[in-house]
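Novice: Put together the whole structure using the sequences plus the hints.
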Amino acid sequence: MSEAVWQRGDLLGVAELSQAEILHVLDTAESFVEVAARPIKKVPTLRGKTVINLFFEASTRTSSSFEIAEKRLSADNINFSTSSSSLSKGETLLDTARNLEAMAPDLVVIRHAHPRVPHALAERLASGVINAGDGAHEHPTQALLDAFTIRRRKGRVEGLKISIVGDVAHSRVVRSNVLCLTRLGADVTVAGPRTMMPEEPESLGARVVYSLEEAIEGADVVMMLRVQLERQARVAFPSEREYFEFFGLTAERLRRANDDAIIMHPGPINRGIEIASEVADGPWSVILEQVANGVAVRMAVLYLLAGAKSGEDGATL
Amino acid sequence: MSGSLLIRGGRVVDPTQELDGPADVLIEGGRVTACGPGLPAAESAREVDAAGLVVVPGLIDMHVHLREPGQEYKETIDTGTRAAAAGGFTALACMPNTDPVNDDPSLTEFMLKQAERAGWARVYPIAAVSRRLEGRELTEFGAQRRAGAVAVSDDGRPVWSAALMRQALRYARHFDLPLIQHAEELALSGNGVMHEGRFSTRLGVEGIPGAADDVMVSRDLLLAADTGGRYHLAHMSTARSLDLIRAAKADGQRVTCEVSAHHLLLTDEDVFDSGLDPNFKMHPPLRSAADRDALVLGLADGSIDAIASDHAPHHPDEKELDFVASPNGIVGLETTLSLCLDRLVAKGVIDVARLVDLLSTAPARILGVAGGSLAPGSAGDVTLIDLEREIEVDPATFRSRSRNTPFAGWKLRGAAAGTVVGGRVIELP
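Protein sequence lines correspond, in order, to chains L and B. The first sequence begins at 64 in our numbering and counts up by one. The second sequence begins at 3 in our numbering and counts up by one.
A portion of the hints provided could be inaccurate.
Each pair of labels, with its calculated beta carbon distance range [to be verified]:
id: 1; chain 1: B; residue 1: Asp253; chain 2: L; residue 2: Ser122; range: 50 to 60 Å
id: 2; chain 1: B; residue 1: Gly350; chain 2: L; residue 2: Val68; range: 47 to 57 Å
id: 3; chain 1: L; residue 1: Ile141; chain 2: B; residue 2: Asp396; range: 55 to 65 Å
id: 4; chain 1: B; residue 1: Gly31; chain 2: L; residue 2: Glu263; range: 54 to 64 Å
id: 5; chain 1: B; residue 1: Ala292; chain 2: L; residue 2: Tyr273; range: 20 to 30 Å
id: 6; chain 1: L; residue 1: Arg270; chain 2: B; residue 2: Asp253; range: 43 to 53 Å
id: 7; chain 1: L; residue 1: Glu303; chain 2: B; residue 2: Asn193; range: 17 to 27 Å
id: 8; chain 1: L; residue 1: Asp139; chain 2: B; residue 2: Glu271; range: 41 to 51 Å
Rather than coming from a laboratory, the hints here were simulated on the basis of the structure. Think of the CB as a built atom: it goes at the ideal place given N, C-alpha and C, for glycine as much as any other residue.
Specialist: Dropping the structure here:
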């Protein structure tokens, strides 16, 4: 069954995934959710497999989520955390690939500040590659876990009105999510201040609006993006209080959404900037479910890729 | 004094004589002495049979980075001029962003000496506008002119300070040197690595808006108008820059511009389709299809003066970095002519005479150098072109020391069949 739908050895982006493949990952993830509820949170699925987590850019959440997923699958994992400026400086992609290859990993999880580095390494590596975020390009496991969370809460993704709000220009979460959610049949809107919008934003494949109110109106899902304080100079917005004033999600503003709307955020949240505490902690919020689901979805991805790469279907839960 | 040379039986295309037809070219003492049909066999003249070939004034690439001195692992004056000869160029102008920068006449003298030693093509050094290309103090334009420099430029970087640009345009007038500007408003290009548009948006890549070029071109043209300086816009890439140049020309300003073959043939969509292949990365970036189409129109209607390669060699290891980390630029000396013949001439965008104007006559006029014509008295520089020869671009065969081209694998009809420099047939080993 899985052989027919899933043939990939790499997960580089949502762009190349079909609806059937996305659904297959989500279905597979369902079976991993209950592992977290077991007294011994471990299955032998990837015993003897080596996974290298190669983070060229600082990440706590995504790297921890992958690490937990790998450990729960009994994989042997090694973490390389390095800023893009040290290990990779002057090192060619081929040399990076050869050095990794020499350690004979089965899977390599890569986060890099530059777009398409995981893709370029995948071309040069025999082992499978998972893109854990490449610049502002793609972050496929984030989009898959978001879709998974929405589907669990709403029972479906198709036909939902989903709005994504924030720094659209610099967000990999937006790009992967628009691709993933539209492929599943959702009606997706992106919103943010004009200074945080890329050129020709419609080319992302979503409806584009420039006010939070308009984005929220009638929404089933509102996904708030982290304002990248570290990345944004003051030319994109003048102050945090001004951002909150016009683009911060408050309970008051949330009244425009559907009554059963859910609020999502890829984390870490900036309380009082893009999201009010009353919303982040309120009944609408599924932010912590996203974190929990992230582990299950990443377990599913690791399982599918390790199986595809080794050509075995022997991996069992 | 070199012996005499008779190029017989070809189709001579020379826009300066409005000539396109069967003719012979006689070169004596390094200069053209006769050009016309059925020239008598000259005593002791070596004959070159040009039957089936097009004979044109030697092509001049007015925008080349030779990397010597300082980055000989990328290119040397020897390998770069071999590449020029292989690509049909009898002369090239080389940019000053070497290491050290060509901000002193001794560098110009060194480059000329190296070019003479190599002997594959004429080399015309371009002197830096500012010391170390830092954009603060002017270099010695006069001494550079005397040493053999043909223009001034900080190419690779813009002359960013409006004050320095104004003074440089004024000062260059004393020596009748064109100022070649790499027009880029750095505050707008920022950390961008490709054209800002829908493809950079989809890739999440920092973009370089067309306005980064246009804002600088606009400012420069105002300063050129005020100073009367000769302004030449390098590697023009946008529709709006072209409109600005057109308007300035219509106002009678002494401004000229060049485009590179890649901006005429490729767009940001090609960058996207390549999956961010570093061989598609250059400054200015490959622009939108609308920009590309406007530039092609500008070629046809005469608004664009010249085509140049912006030959920018980089070592294969440097292009084995990822797109963002890899350096800007591609090689072009060995592909420009064939690209123009196949994609512009064969497609009917321009005719051979106009191509000769763009690749020879206009560059000679702008730089004030010999060549660009086969009229008697002109330099004995000739390019022979085979319009029918089919080639496939194979970087492994390049004479250049570098291989960075986005055109690998392109099948093109039309290629250089040989060059003559000062009456001497260039024979590449």
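Novice: All the hints need checking, so say for each whether the structure fits it.
Specialist: Outcome of the hint check:
1. The beta-carbon spacing between Asp253 of chain B and Ser122 of chain L, approximately 55 Å, falls within the hinted interval of 50 to 60 Å.
2. The given range of 47 to 57 Å is respected by Gly350 of chain B and Val68 of chain L, whose C-beta atoms sit roughly 50 Å from each other.
3. For Ile141 of chain L and Asp396 of chain B, the hinted distance range of 55 to 65 Å is not satisfied, since their beta carbons lie about 41 Å from each other.
4. Here the CB-CB span from Gly31 of chain B to Glu263 of chain L is close to 60 Å, well matched to the stated 54 to 64 Å.
5. The hinted window of 20 to 30 Å between Ala292 of chain B and Tyr273 of chain L holds, with their beta carbons roughly 25 Å apart.
6. Taking the beta carbon of each, Arg270 of chain L and Asp253 of chain B are about 45 Å apart, inside 43 to 53 Å as hinted.
7. The hinted range of 17 to 27 Å is satisfied by Glu303 of chain L and Asn193 of chain B, whose Cβ atoms lie roughly 24 Å apart.
8. Separation of Asp139 of chain L from Glu271 of chain B is about 43 Å and conforms to the stated range, judged on CB atoms against 41 to 51 Å.
Consistency with the previously given hints fails for number 3 only.
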